[in-house]
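Since the structure of chain A is already known, use the hints to place chain B on it.
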Amino acid sequence: MYEWALKPGKADGAHILSMYERAIKPGKADGAHILSMYERAIKPGKAHGAHILSMYERALKAGKAHGAHILCMCGKAEKHGVAYSAHILCMCERWNKENVMAEKPYNITVKELNERGSGSIPSELVPASQLIYSSPATLAFNSPGATGFGVKRAGLAVPGSVMLLVAPGCCGRNTKLVSEIPGYEDRFFFLLMDESDIVNGDHVGRVPEAVKEVVEYLDEKPSVVMVCGTCVDALLGTDWDLVCRKAEDASGVPVRPCYMYALTREGRKPPMVLVRKAIYSLLEPAKRDPRTVNLLGYFAPLDDDCELYSLLKQAGVRRINEISRCEDYESYLGMSKANFNIVLNHEARTAAADMSSRLGMPYVELTRLYQTDKIANQYRAFAEGIGAEFDDREYREAAEAAVREFTEKHEGLRVAVGEMSNANAFELALALTRYGLEVPEIYSSTSKEDFVYIRRLAELTPETRVFTNLSPTMLNYDCGSAGADLTIGADAAFYSPDCPNVPWNGEKQPFGYEAVRKLFAEMEAAL
Amino acid sequence: MSVKGLHKIIYPFAPDQSGAAAVLYEMGGMIIVVDAGGCAGNICGFDEPRWLDTKSAIFSAGLRDMDAIMGRDDLMIDKIAKAAKKIDARFVALIGTPVPATIGTDYKALRRMGERRTGLPVITMNTSGAGWYDEGIEKAYEAVIGKFTNDAYTQPVMRGTAGVLGVTPLDCGRLDAAARIEEILKGEGMTDVFCHCTAKGLSDLGRAGSAEKNIVVAASGLKAARMLREKYGTPYECRDLLASDVWDQLKKDSPELSAASFAGKRTLIIHQQIRANSLRGIIREELAEAAAETRIDAATWFMLDDEIKEEGDFRIKEEADFFGIIENGGYDIIMADPSFRKAAKGFKGTFIDLPHFAVSGTLL
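Listed in order, the protein sequences are those of chains A and B.
If you read the first sequence in the working numbering, its first letter stands for residue 1, the second for the next number, and so on.
If you read the second sequence in the working numbering, its first letter stands for residue 1, the second for the next number, and so on.
FYI, nobody ran anything at the bench for these hints, they're computed from the structure.
Careful: at least some of the hints might be erroneous.
Computed cross-link-like contacts, BS3-like style, restricted to lysine-lysine with a CA-CA straight-line distance of at most 30 Å [claimed, not checked]:
1) Lys409(A) to Lys111(A)
2) Lys104(A) to Lys348(B)
3) Lys82(B) to Lys269(A)
Cβ-Cβ distance ranges computed for the label pairs, FRET-style [said to hold, decoys possible]:
4) Lys221(A) to Asp321(B): 20 to 30 Å
5) Arg341(B) to Leu218(A): 17 to 27 Å
6) Glu310(B) to Glu103(A): 18 to 28 Å
7) Glu256(B) to Glu103(A): 51 to 61 Å
Take a look, some chain B residues computed to stay more than 10 Å from chain A by CB distance [unchecked claim]:
8) Asp47
9) Thr54
10) Met190
11) Arg229
12) Asn328
C-beta: ideal position from N, C-alpha, C; glycine also.
Isolated chain A, as found in the complex (with noise of 0.2 Å):
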């Protein structure tokens, strides 16, 4: 009937709309007719515009066409030009209405994350299982170029170095940013590929000749160039070590790879530990001082009034190297006369593997932490582990109390903690707690390591909410719901803009009790 209607001269517009509304209604034709019959309307002459918008509307008022069904109206309707484009997109819209809630963010307490277990953390905690959001929030966890010390201003790290950055275009835009730097002007160079190259490969063939003209335009000679690669090499397989042998031929010069491939940052050997390994690569084996260690794993020094240097000399350690405290490449090189290493960032752990090999220089791992007593247990471990004894009481008194001080003053504090501070989110949220403070919300990535202090968050403070910076629902978080009285993390202040803020993101590294110590003092000072 609807099919002879729509024969010329026989009803038209309106009058289609009108029997395709009577069809759809209960009892009579669904799914797939319907579909048939809109299909039929939209034919040249038929109804339009307007009117295909109301047929495709009721279909899906009336829980008929659904689905595939009403994603095909709209794909046919666009097909046979009958709709115009306001329309077309305002039958998307609808679509998304009735299929799109704006979801909440994800979240999840610590008990159940805790209760879920290490082997199987949501794939909403892992960043790569699902898109990543760009927010402030997640700027510097995910562009390894972008902020504090990415792989290129890591790269400089080595006194006297330049880099000359091979890469499109677009890798080395924000460069500009670390240029400003003082103490990184003039040191960064660019050999920018074309589309060729990208496909080609050619640009590795200029690198030597690059290097050369780089070194020459200098009016000092520079300590080393590092040559960093980006993902296109990544993918191309770029073998760097020969390109910079090439290179070192041509210019006279020490040149080293760094590699900015943010394609490999959950690989076994991501961006950042591989840039750690670059900039002690030039250390060569010397006479051992029995009376010098390294410190391992910051870009910049430990804050000066850090107990572990104090501690280091109570046990005879007269000499402490830190890459970001030599003046000079002289310095530098005196690193290679190390007793031994500490690692004080586990990314630096492959550069300590490299070194021990290399240099037979051998390393001890100590761990960034905010309790306490557990700091206490580390330093015992520590000295017993090279054979001398540590009176620490000093420091953990003067930490202790000011824990002590600002709890009795701020009893139950709520503290919403962040990732993007010198802290593991979760352990400091964990110390938190254990002070007596309240953390209602953590923003953090999820790795299987966090799991020894979420076990003990779950017994402590069950309903903490776990949210992940990265996650696209953070589109849809409602920032200043978290109920926080004070935030820590430059991602936390995000979330809550109005509330008080511990950026605890300084370059200078805090560690052992005096970051505790400090920590206090600036969220005191925050409130």
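Structure of chain B alone, referenced to chain A:
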């Protein structure tokens, strides 16, 4: 002879992917940068000044090495479909980066797969990260005009209606550009103005064919204007509506500056072509008769369109070319982004700062 592509002083400009994102930023779509993370970080953290104040559904695809090597497009589409269920978006835009450019991603297939899985219109831009921002803007305009305007119907032309193309912070250098342009055009007697691809962009695109004329404020919008002329017969004119404001600002910053400063001299203006052209026009107009003895050339690192260039205008491709112009160009005055000052340290004439956000990230 310098090595091709070597930049010793001048930092890379905003790339094509940033240009594409700038067009789409406020249009209510789900923007996916097909990268490992760094490109999205660069767009948001450096090239998109609206990012800190205006939320936009801009995501990194979070590609990993094996995704790229094995060409696991289906995984990316899974991620997109999953997110599309949770985000209120009107369309999906996929912006290319060096990773898909290296592995030769089939965007057409991605578009089909994406539309099937999400039920949303999907547009793709094969940007590579190796082009400059204007190419990305051009590609994004091409994609949205292709997708969201319809050529089956001719729309009745509404007198007093103007469409504006090329309005992005990268070219205009200010965040209130759309509002200011609307104010200027209404002052000229237009009754309805739509700056395409700004906050109201998508709905305005639906009525693009009703514009009496289109005004192109940056060379990156020229191809879009030609597409709309082709589709709807809409004529276009090229003029930077903000050039007068820029000129006033320059004079405010340097009170001794006036059109007379250029009289009888050789000047080079380096910017995007239409801004350089418009500033040249303003100076000539103020110079009146003296304009005849004054030579002003326009140069750009970006697209140089033959239709709107004058004799003597040129495009700069390599850093070494720039050094050559500084040393041997014979110019008395150079107006260019302040970040070029360092590369122009041998220049003996007068250097006037003319910020270009796509070059130095400096807003006006």
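Outcome of the hint check:
1. Lys409(A) to Lys111(A): holds (29 Å)
2. Lys104(A) to Lys348(B): violated (61 Å)
3. Lys82(B) to Lys269(A): With Cα atoms ~29 Å apart, lysine 82(B) and lysine 269(A) stay inside 30 Å; holds.
4. Lys221(A) to Asp321(B): 20 to 30 Å: Given about 28 Å between the Cβ atoms, the range holds.
5. Arg341(B) to Leu218(A): 17 to 27 Å: holds (20 Å)
6. Glu310(B) to Glu103(A): 18 to 28 Å: violated (55 Å)
7. Glu256(B) to Glu103(A): 51 to 61 Å: Given a distance of about 59 Å, which is inside 51 to 61 Å, the answer is holds.
8. Asp47: At roughly 7 Å from the nearest Cβ of chain A, aspartate 47(B) sits no farther out than 10 Å, so the non-interface label is violated.
9. Thr54: holds (12 Å)
10. Met190: holds (21 Å)
11. Arg229: holds (18 Å)
12. Asn328: holds (19 Å)
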